[in-house]
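In terms of our numbering, the sequence shown opens at residue 835 and continues consecutively.
One or more of the hints may lead you astray.
[Unchecked claim] Estimated spans, in silico, between C-beta atoms of each pair:
#1 Lys1051 to Ala943: 40 to 46 Å
#2 Thr1018 to Met929: 19 to 25 Å
#3 Tyr873 to Arg969: 21 to 27 Å
[Said to hold, decoys possible] Think about it this way: if two alpha-carbon atoms lie no more than 20 Å apart in a straight line, the pair counts; the simulated SDA-like pairs of lysine to any residue are:
#4 Lys1051 to Ile885
#5 Lys1051 to Glu875
#6 Lys1231 to Phe1213
In case anyone wonders, no lab produced these hints; they're calculated from the structure.
These figures come from a predicted structure and were not determined experimentally.
We put the beta carbon where it would ideally sit given N, CA and C, even for glycine.
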Amino acid sequence: MSNRFAAFRHSSYTRYFFSRFLTSFAAQVVSVSVAWQMYDETRDPALLGWIGLVQFLPALLLVVVTGNAADRLGRRLVMGCGALVMMSCAASILMLVLSGNFNPMLVLAILTLFGTARAFYGPAATSLAVNLVPREDFPNAVSWITSSWQMATIGGPVIGSLLYGLAPEAAYGTATCLFIAAATLIFSIPKPNQIVSREPPTLASILGGFSYIWNNKVVLGAVSLDLFAVLLGGAVALMPIYARDILHVGELGLGLLRAAPGIGAIIAIALITAFPIRDHAGWILLAAVAMFGLATAVFGASTLAWVSILALMCVGGFDMVSVYVREIILQLWTPDEVRGRVNAVNSIFVGASNELGETRAGFMAAVAGPVFTVVAGGFAAIGIATLSILVFPQLRKIRTLDEQENEKTKVF
């Protein structure tokens, strides 16, 4: 079997991979269907904002709990239970639709539980992969996981919209079945080798994820680089303005603009899978973030639709390279006994960068205009990459993505 499929030589990883894909796909189907139906039923745009907020807040408020659950209770168990709770939420919304009682407040309450399940599921799912494959196959495993997430992000809303167009019941019923399949696959995995944290649940152990990231400058640099680059350089929230007022491409064009970063990401991950990063990983990460910023600035300044789409494909591609490198560093440079807590903190950083980045873009665009906002954000991301070279010299010195290999070459 070709090295590009190395991770799939391990049956546990294969089941894990398809379970994560089905869970991500089903979550996208639920999210897009609820948004469509909520607006159909109420015509209240504010409720669309609440849909996103109630799913994000549990991860923020429970960050010290979700990571500890992954480290102490077993990641496979937490993943499986999370998928089952998400299944029950999708089934509950299905029951409301079938009974003709799609109550917005009740649906938001269900989505809060859905977001809570995702908050527990995320750190456990991210941390489990490294327990299922040898270290040498982990970069390949990450490339497949990130590509599956992109495919679910692109395909889930499309299929969800089509199913909702047929009947809302079809969308929620399909999601329920997918969650059941995902949970079954996870529970079918033999108990993996995981170093379970046995230290007493003191305040220091509960906050172990924060303290580990702060003390490990390589991990801190990788996480903060992504946080501030996306926070300052994100432009997704302003795409409707570009589609309508700047590029004049309408709703169809907006769909192409939204899809372009995902297409670029899939192309990038295919290239990384075929040609793995074997040296100068730190410089590649920094260069990818800088190119992400440059591509963002090109999109912001462009008035030609085809240039904008190509720029957004580059945005997605370079962002995927940085995500790929960061995720491998995060997993392989973190001790197994605290990996869940570290991933819980990282999930908050990622969520905050996306959510707050869109908020920043919207408020700044209202004052300074969309073009200045996006272009300035792109150059700010370049500045963050440049500043990281000085603030985190350990990051740029990384040769390979495996900490053990770096120690052999005496990089630090």
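Right, here's what the structure says about each hint:
Range check, lysine 1051 to alanine 943: about 42 Å between beta-carbon atoms, so the 40 to 46 Å window is met. Between threonine 1018 and methionine 929 the C-beta distance comes to about 22 Å, which sits within the given range of 19 to 25 Å. Distance hint check for tyrosine 873 and arginine 969: the Cβ-Cβ separation is about 47 Å, which falls outside the suggested range of 21 to 27 Å. Of the supplied pair hints, the one linking lysine 1051 and isoleucine 885 is violated, its CA atoms being roughly 36 Å apart against a limit of 20 Å.
With a C-alpha separation of about 49 Å, the suggested pairing of lysine 1051 with glutamate 875 is violated against the 20 Å cut-off. Distance check on the hinted pair: lysine 1231 and phenylalanine 1213 sit about 24 Å apart at the alpha-carbon level, beyond 20 Å; violated.
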